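Heads up: the sequence lines are chains A and B, in that order.
Counting in the working numbering, the final residue of the first sequence is number 388, and the numbers go up one at a time with none missing.
Counting in the working numbering, the final residue of the second sequence is number 121, and the numbers go up one at a time with none missing.
Among the hints, a few may not be true.
27 Å max Cα-Cα, derived DSSO-like pairs, lysine-lysine [to be verified]: (1) A:Lys197 <-> B:Lys3; (2) A:Lys238 <-> B:Lys3; (3) B:Lys10 <-> A:Lys197.
Here are a few chain A residues that sit away from chain B, every Cβ distance over 10 Å (derived from the structure) [stated by the list, open to error]: (4) Val8; (5) Leu111; (6) Thr208; (7) Val386.
FYI, nobody ran anything at the bench for these hints, they're computed from the structure.
On a predicted model such as this, the values are computed, not experimentally measured, just so you know.
No residue lacks a Cβ here, since even glycine has one placed at the ideal position from N, Cα and C.
Take a look at the letters that make up each chain.
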Amino acid sequence: MPKTVALVGTDAVAEAMRQINPDVVPAYPITPQTSIVETYSQMIADGLVKSEMINVESEHSAMSAAIGAAASGARVMTATSSQGLALMWEMLYIASGLRLPIVMTNVSRTLSAPVNIHCDHSDSMGARDSGWIQLYSENAQEGYDNILQAIRIAEHPDVQLPVMVMIDGFIISHSIDRLDLIDDDAARKFVGKHKLKNSLLDHENPTTWGAFDGLHGYYFELKRAQAEGMKNAAAVVKQIGEEYGKISGRYYSHFETYRLEDAELALIVLGSAAGTMKAAVDQLRSQGVRAGLLKLRMFRPFPAKELVSALSHVSDVLVFDRSDTIAGEMGGPVFIEARSSFYDEIKRPRFKNFVYGLGGRDLNLDMILKAVASSQTGNLITYLGVRE
Amino acid sequence: MAKWDFSKIKEWGWKEHPTGGVIPEAATTDSYATGGWRSVRPVLDSGKCVHCYICFIFCPDSSIVIKDGKMTGFNLRHCKGCGICAEVCPAKAVSMMNEAEAQGLEKCHLAGQDLGTEKSA
Chain A
1 MPKTVALVGT DAVAEAMRQI NPDVVPAYPI TPQTSIVETY SQMIADGLVK SEMINVESEH
61 SAMSAAIGAA ASGARVMTAT SSQGLALMWE MLYIASGLRL PIVMTNVSRT LSAPVNIHCD
121 HSDSMGARDS GWIQLYSENA QEGYDNILQA IRIAEHPDVQ LPVMVMIDGF IISHSIDRLD
181 LIDDDAARKF VGKHKLKNSL LDHENPTTWG AFDGLHGYYF ELKRAQAEGM KNAAAVVKQI
241 GEEYGKISGR YYSHFETYRL EDAELALIVL GSAAGTMKAA VDQLRSQGVR AGLLKLRMFR
301 PFPAKELVSA LSHVSDVLVF DRSDTIAGEM GGPVFIEARS SFYDEIKRPR FKNFVYGLGG
361 RDLNLDMILK AVASSQTGNL ITYLGVRE
Chain B
1 MAKWDFSKIK EWGWKEHPTG GVIPEAATTD SYATGGWRSV RPVLDSGKCV HCYICFIFCP
61 DSSIVIKDGK MTGFNLRHCK GCGICAEVCP AKAVSMMNEA EAQGLEKCHL AGQDLGTEKS
121 A
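Kindly produce the complete structure, drawing on both the sequences and the hints.
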């Protein structure tokens, strides 16, 4: 039977991990991710799961161990945040280049300097070209649901790529939220067994992984194949989201829309701010503004075509980015990609970008309403909530 | 020769490579002649060799040839000339010699010997 529980976001992720019971979990603690692996190591100590936990000396080692374990055919999960993700940097590319289906929770936290432990998406956005699939969660429920689905997406033979699931630091990770857990058996049946085509531990069919592409040069071909896996992921994310809906009642796709069907003004956002955005949409509607929301769940691969078709009828799109590219008035990454998706369209809405919430700065209802009110006249890119 | 036929790998399109660039078979380097990388080569003084196999243990390219329990020389098709065998030999039976001098390049080609100097397969 499904169970309704009250958990902080990190424990919701740990619950999903408990149900998955991965073979190996190499991890290193970092705020605000720590409580995921803390809770999970307690589960191991209590005998609830059989995972081999490897306490490594850094996140670089955590991802390295994850890669080795995954190449040996193990189902591998880990979690990190911020500087930890940054320290994994080179290994992220190796995980995706070797096509290893590792699933990692990234509890979104900004990057230093100055030192700041609070939420924004600078960490994961910095890894947006690393070949990892990226799913963003609005709340603990979605964090839990995304983790279960991520296993299936990563291991799908058409994909074979690592998946990063984002939950917003503190806002989701450390807040108690109400959520429904699916039954343990249903979860286990859903994720199924993991079987890699080639495994380092298969001594009857020995293989070499990560060999030098040599003086011959096959790097380009292998990257091209990787790009295809990422392209295929779009359909797989949708298919797994449907399948998960059938067992949980919660259906997932590339994005969720809220009152968007007849909207003239669309807001785009990822992560926890979507809840406040929905309230803002309701308020705007009550004031006679036909607003709607597109909450992006899947950022990698970027669902450009679907996004265009979902927004084709609106006249204005306001993109809220919880990170900045710091590229000289180019705006945030979601803005750049959403706007670029419309380039070849004859009918293009007006786009405005609001960079908000850097280093955990709050985004409240009034700020969103003010942003909407200013959007007809304001600059292309606005830093929302910064003290001028 | 490997079961995995990669003889035309240079011509393969991106769909033909194993996922993630995995090499799906062991010992494929056997067909890759690395002897051409060599600038110095090991030369064995059979009179000094005590057949202790220490060079066999240390050789990173499995290029020490042992026949009937005796160290007989080097597989020059794979030997990269690293000199570890000369370094570890307790009997000082291995010396390193300038490759060009040792081969007398043209002479070698005329003799048609496979010394790993051809472009790799």
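Tested hints:
Only pairs whose Cα atoms come within 27 Å are accepted, and Lys197 of chain A paired with Lys3 of chain B is accepted, the gap being roughly 17 Å. Using a Cα cut-off of 27 Å, the hinted pair Lys238 of chain A and Lys3 of chain B is violated, with the two alpha carbons roughly 39 Å apart. At roughly 24 Å between alpha-carbon atoms, Lys10 of chain B and Lys197 of chain A fall within 27 Å of each other, so this suggested pair holds. With a cut of 10 Å on Cβ distances, Val8 of chain A stays outside the contact zone with chain B, its closest approach being about 36 Å.
Leu111 of chain A, annotated as away from the interface, keeps every beta carbon of chain B farther than 10 Å; the closest lies near 29 Å. Non-interface status of Thr208 of chain A relative to chain B is broken: a Cβ of that chain comes within 10 Å, the nearest being about 4 Å off. Every CB of chain B is more than 10 Å from the CB of Val386 of chain A (nearest about 43 Å), matching its label as outside the interface.
The structure shown violates the earlier hints numbered 2 and 6.
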